[in-house]
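Once you've looked at the hints, dock chain B against the given chain A.
Number of protein chains: 2
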Amino acid sequence: MNNNKGTEIASLGEFGLVDRLTKRLEQRNATTLRAAGDDAAVIDLGNEVLLLTTDMLTEGIDFDLSYFPLKHLGYKAVVRGVNDILAMNGRPEQIVVALGISAKITVEALDALYEGMETACKELGVDLVGGDTTASMNGLIITISAVGRAAKDEVVYRSGAKEHDLICITSNLGAAYMGLHLLEREKRVLKDIANPKPQFAGFEYLLERYLKPRARANVLKVLADEGIRPTSMIDLSDGLASDLRQICLASQCGARIYLERIPIARQTSELAEQMHIDPVVAALNGGEDHELMFTVPLAMQEKIMALGLVDVIGHITREEAGVVLVTPDGEGIALKAQAFDR
Amino acid sequence: MNNNKGTEIASLGEFGLVDRLTKRLEQRNATTLRAAGDDAAVIDLGNEVLLLTTDMLTEGIDFDLSYFPLKHLGYKAVVRGVNDILAMNGRPEQIVVALGISAKITVEALDALYEGMETACKELGVDLVGGDTTASMNGLIITISAVGRAAKDEVVYRSGAKEHDLICITSNLGAAYMGLHLLEREKRVLKDIANPKPQFAGFEYLLERYLKPRARANVLKVLADEGIRPTSMIDLSDGLASDLRQICLASQCGARIYLERIPIARQTSELAEQMHIDPVVAALNGGEDHELMFTVPLAMQEKIMALGLVDVIGHITREEAGVVLVTPDGEGIALKAQAFDR
Numbered sequence: 001m002n003n004n005k006g007t008e009i010a011s012l013g014e015f016g017l018v019d020r021l022t023k024r025l026e027q028r029n030a031t032t033l034r035a036a037g038d039d040a041a042v043i044d045l046g047n048e049v050l051l052l053t054t055d056m057l058t059e060g061i062d063f064d065l066s067y068f069p070l071k072h073l074g075y076k077a078v079v080r081g082v083n084d085i086l087a088m089n090g091r092p093e094q095i096v097v098a099l100g101i102s103a104k105i106t107v108e109a110l111d112a113l114y115e116g117m118e119t120a121c122k123e124l125g126v127d128l129v130g131g132d133t134t135a136s137m138n139g140l141i142i143t144i145s146a147v148g149r150a151a152k153d154e155v156v157y158r159s160g161a162k163e164h165d166l167i168c169i170t171s172n173l174g175a176a177y178m179g180l181h182l183l184e185r186e187k188r189v190l191k192d193i194a195n196p197k198p199q200f201a202g203f204e205y206l207l208e209r210y211l212k213p214r215a216r217a218n219v220l221k222v223l224a225d226e227g228i229r230p231t232s233m234i235d236l237s238d239g240l241a242s243d244l245r246q247i248c249l250a251s252q253c254g255a256r257i258y259l260e261r262i263p264i265a266r267q268t269s270e271l272a273e274q275m276h277i278d279p280v281v282a283a284l285n286g287g288e289d290h291e292l293m294f295t296v297p298l299a300m301q302e303k304i305m306a307l308g309l310v311d312v313i314g315h316i317t318r319e320e321a322g323v324v325l326v327t328p329d330g331e332g333i334a335l336k337a338q339a340f341d342r
Numbered sequence: 001m002n003n004n005k006g007t008e009i010a011s012l013g014e015f016g017l018v019d020r021l022t023k024r025l026e027q028r029n030a031t032t033l034r035a036a037g038d039d040a041a042v043i044d045l046g047n048e049v050l051l052l053t054t055d056m057l058t059e060g061i062d063f064d065l066s067y068f069p070l071k072h073l074g075y076k077a078v079v080r081g082v083n084d085i086l087a088m089n090g091r092p093e094q095i096v097v098a099l100g101i102s103a104k105i106t107v108e109a110l111d112a113l114y115e116g117m118e119t120a121c122k123e124l125g126v127d128l129v130g131g132d133t134t135a136s137m138n139g140l141i142i143t144i145s146a147v148g149r150a151a152k153d154e155v156v157y158r159s160g161a162k163e164h165d166l167i168c169i170t171s172n173l174g175a176a177y178m179g180l181h182l183l184e185r186e187k188r189v190l191k192d193i194a195n196p197k198p199q200f201a202g203f204e205y206l207l208e209r210y211l212k213p214r215a216r217a218n219v220l221k222v223l224a225d226e227g228i229r230p231t232s233m234i235d236l237s238d239g240l241a242s243d244l245r246q247i248c249l250a251s252q253c254g255a256r257i258y259l260e261r262i263p264i265a266r267q268t269s270e271l272a273e274q275m276h277i278d279p280v281v282a283a284l285n286g287g288e289d290h291e292l293m294f295t296v297p298l299a300m301q302e303k304i305m306a307l308g309l310v311d312v313i314g315h316i317t318r319e320e321a322g323v324v325l326v327t328p329d330g331e332g333i334a335l336k337a338q339a340f341d342r
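Those sequence lines, one after another, are chains A and B.
The first sequence begins at 1 in my numbering and counts up by one.
The second sequence begins at 1 in my numbering and counts up by one.
Calculated from the structure, these hints are not laboratory results.
No experiment lies behind these values; they were computed from the predicted model shown.
A pair counts as met if it fits within one copy or between any two copies, since identical chains are not told apart.
DSBU-like cross-link-like pairs, simulated, lysine-lysine; straight-line CA separation at most 35 angstroms: (1) Lys212 to Lys187; (2) Lys212 to Lys197; (3) Lys104 to Lys23; (4) Lys122 to Lys187; (5) Lys303 to Lys336; (6) Lys122 to Lys23; (7) Lys212 to Lys191; (8) Lys212 to Lys336; (9) Lys162 to Lys336; (10) Lys162 to Lys221; (11) Lys162 to Lys212; (12) Lys104 to Lys336.
The following block holds chain A by itself, in its conformation from the complex:
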């Protein structure tokens, strides 16, 4: 076998790759209601559906153990896994954890990882019900697979957004991205220093957003209590621009979002300025926000604004209008998946 000849993965992009790999798949079980293409697969249970999702984190790509405390890593891994269930408007119930364990990982390190996972499980009412451990030649690997449930008519897909719907997000964006940049900067600056004292003062919020993102189960609960049903929803993991395009692709619609309505935390702007990064780019393309983005009918405007829980950043348009960011002076910029061009 020769793996060195052939097409590089990068030439397809992640979405192209997933499309290529999943398009050939046949579904054989009548219980499979929805396979690839949303935050979770949807499986028929009669009145209810089962939601099923999996998420892998690899050392050196998704986390750096030189500054990522294992307790937080365990917490974050669970939040990421569970968020895909929440993004379908489901109740997460159980997770299983597969670990690839490298030689440098000690029993105490795994204890810390599990402590973090258990803390997240407790907060989210989720049970860790099993797993698998194998050795890993290089680096820690964590795969969390989660199941949850929803009544059949409660499930929210990416594909339900309609023209005029309002686009809502559950918190400010770009903070996790700047938190990562801060950690990377301090690691670079202090790499040859014997007793490093990283400078995080004033930016603690950014670290928390990167190292310990919170799942927004509470927002979904309030929406349900208020009788507000999102028409579409997605986990904001790849960045607002990319994830909004996913909603628009699945719903065959366009969108207009307004730059001055995109919430950006003060610490995010301050650090971005220090580091000569455009805070809007951090908010649009940074990724790892792990907030929810959803759409609701325009008729819900007053009700959703009154909750004070979400920011309304724009609205859904017809497909031909594309996905557009509107600047304060009224200019429209077409949003691409990973960048935006004027």
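Relative to the frame of chain A, chain B by itself:
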């Protein structure tokens, strides 16, 4: 953080590690019927249960891409994942796949991997319903998580074996282990040769058992049709000795198995002799057989023998008697998890 100080994982062993990590876990959902400690977690669906399991394979530990064709690897990964559902007497229905992809993996390589996964899914009537891809710094990583269903009273746990029950296995053992040894030998022998021609003639069966193990869904179907309900069951992945001990631990019983009844294929014995390996050690401790081992009441003896589908290798005893291998001359040898002492 310092991961280099502390207790080495190896000091606990895999089972000690899993015990340590899972004993602290609390279960909060009434739907969680059985968490860690069996082939799959068991989740309440009303009349039915959902079975949930996860399995990780890492390059360099679980497979060597220099001789493991990706098509077979995809096939094997699915069989391994699905086997854990079968070992609970469940019907596997859906899987999700998380991949960690290293730089050397091409699009064509992933196509081959997916082709193998799809072939296994087709044979087993399973749907691949979603997944996750991430980059990997070092080597390919595959996590398969599987769900399946069973009627509540159909589930077979490890813990149901009773004194006098017969111990059955679905095929000969040690073949996959010798297949792996053959592949490793040819790799060593041919490593500096420009146009290597590995010598596999006469041992093709061993390669197939290692590279493309078959799930034994057919045997479970026949048992169900014949009204034979196993009292306990496990996937033979760690080796007969270790897996039989798992049954005995969970069922609080002992076992006597008879050396001359353990089926060993002719090719297994021949290669073992060539390579100065005791074929009985290969059968007892080799692992990766991916056959099913189950127990049935003694009253089923005639019926199960008449099927001609399984080998009866011994019977369950009281716990005090321990787990014992009986040699042809009647000597009893206590079986340890990974080795056996005279």
